[in-house]
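The residues making up each chain are set out below.
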Amino acid sequence: MSRLVPHPLLSLLLFLLWGVFTSFTPGQMLLGAAIALVAGRAVATVEPEPLRFRRPDLFVKLFFIVGIDIIRSNRDVVRLILSGGRHGERVSGFVPIPLTIRSEGALAGLAVIITATPGTTWVEYDSRTGVLLLHVFDLRETDDWATLVQTRYQPLLAGVFE
Amino acid sequence: MSALPLWAALPVALLVVLGATLAVLGTWGLAVLPRFYERLHPPALASSWGTGAIVLAVIIATSAGEGRLAIEAIVVGVFVIVTTPVTMMVLTRAALQRDRAEGADVPPAAKADSVQSGSADPL
Amino acid sequence: MSLILTAALIYGQVALAVAALLALWRLLKGPRAQDRVLALDTFYVCIMLQLLVTGLRLGNPHFLVAALIIALMSFVSSVAAARFLLRGEVIE
Chain A
1 MSRLVPHPLL SLLLFLLWGV FTSFTPGQML LGAAIALVAG RAVATVEPEP
51 LRFRRPDLFV KLFFIVGIDI IRSNRDVVRL ILSGGRHGER VSGFVPIPLT
101 IRSEGALAGL AVIITATPGT TWVEYDSRTG VLLLHVFDLR ETDDWATLVQ
151 TRYQPLLAGV FE
Chain B
1 MSALPLWAAL PVALLVVLGA TLAVLGTWGL AVLPRFYERL HPPALASSWG
51 TGAIVLAVII ATSAGEGRLA IEAIVVGVFV IVTTPVTMMV LTRAALQRDR
101 AEGADVPPAA KADSVQSGSA DPL
Chain C
1 MSLILTAALI YGQVALAVAA LLALWRLLKG PRAQDRVLAL DTFYVCIMLQ
51 LLVTGLRLGN PHFLVAALII ALMSFVSSVA AARFLLRGEV IE
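Protein chains in written order, with my numbering: chain A, 1 to 162; chain B, 1 to 123; chain C, 1 to 92.
A few of these clues could be false.
To be verified - Which residues of chain B face chain C? A few of them, derived with a C-beta cut under 7 Å, are:
(1) Ala13
(2) Val17
(3) Trp28
(4) Leu33
Think of the hints as simulated: they come from the structure by calculation, not from any bench. Beta carbons are placed, not taken as given, at the ideal position from N, Cα and C, and that holds for glycine.
Could you put together the complete structure from these sequences and hints?
This is the structure we're talking about:
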């Protein structure tokens, strides 16, 4: 299994992509499956470790949590832009956050979440100390960004990717 | 596009208006905010739900127009979601490095991670 | 009903054109190179959304492929430009 399909997730996604862009007829599905398998083998020559992806149920939960969070921060940032930054009282700044997740998949997932959320930007991650530096658009004392990331996203990401 | 039924036309219209408005607000923030690190944030409006809303509108309109589940447009959305973090990470690293080299008011680099050490670069 | 949809699509086209002009303004004004790279990336996103909305308005599915190509170009060019700022060279 692992020798024949070294990157099962990648191959599955390529197969689905081929079907979406052509059609799910037997001929195209056969061609798509062949391409997905060959591409998976080709990727294995440069990236031998496949992405660990366990617990799709947690991934779905994370997806919806993040989607709603992004809607909320969209609203906040729009309000800030329209009100001229709470009439000049908005302060932005850098926030260091110590992380416990270490795997590339989980960190990449966190990068997608942080970047896709308006109001927070991924600045720097130190792989030796595990400290992530964020830049936050609206730094209020009532918001604890470190605890938010550590308790809201980190356990789910660790569950899905580690 | 005038052949769309009411149940499809209304959400498509709302989503297009929402997405385009978010894009304008995002670029407005990009144009007026005073500092670079603040300007990093508003474009995320355009690339998160701005793109999401318009991609959803395209999916609904194509599906209703062709009478099948046409989800090709989701590839555009996924591509934007996956590539934006990479662009932003490289860009903020570059900005931070340039600001540190000039001694601007940014957090200092971690110990032993001098500007020249290319091995610590995760990208 | 199609009137509302047409109005929404025209609004979308105009709004995204304004958005692209705002990004272009930041691209020309700078002041620093990282501002210009960020503005270029945002400009590309606006153009990509413009293509999607135009495709909806004309009912032409091929605009989707054009939008995908623009997204691809945006990624490659922005990363290359940011990489240049980071190292001073793109190819090393």
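Which numbered hints turn out to be false for this structure? Violated hint: only 4; rest satisfied.
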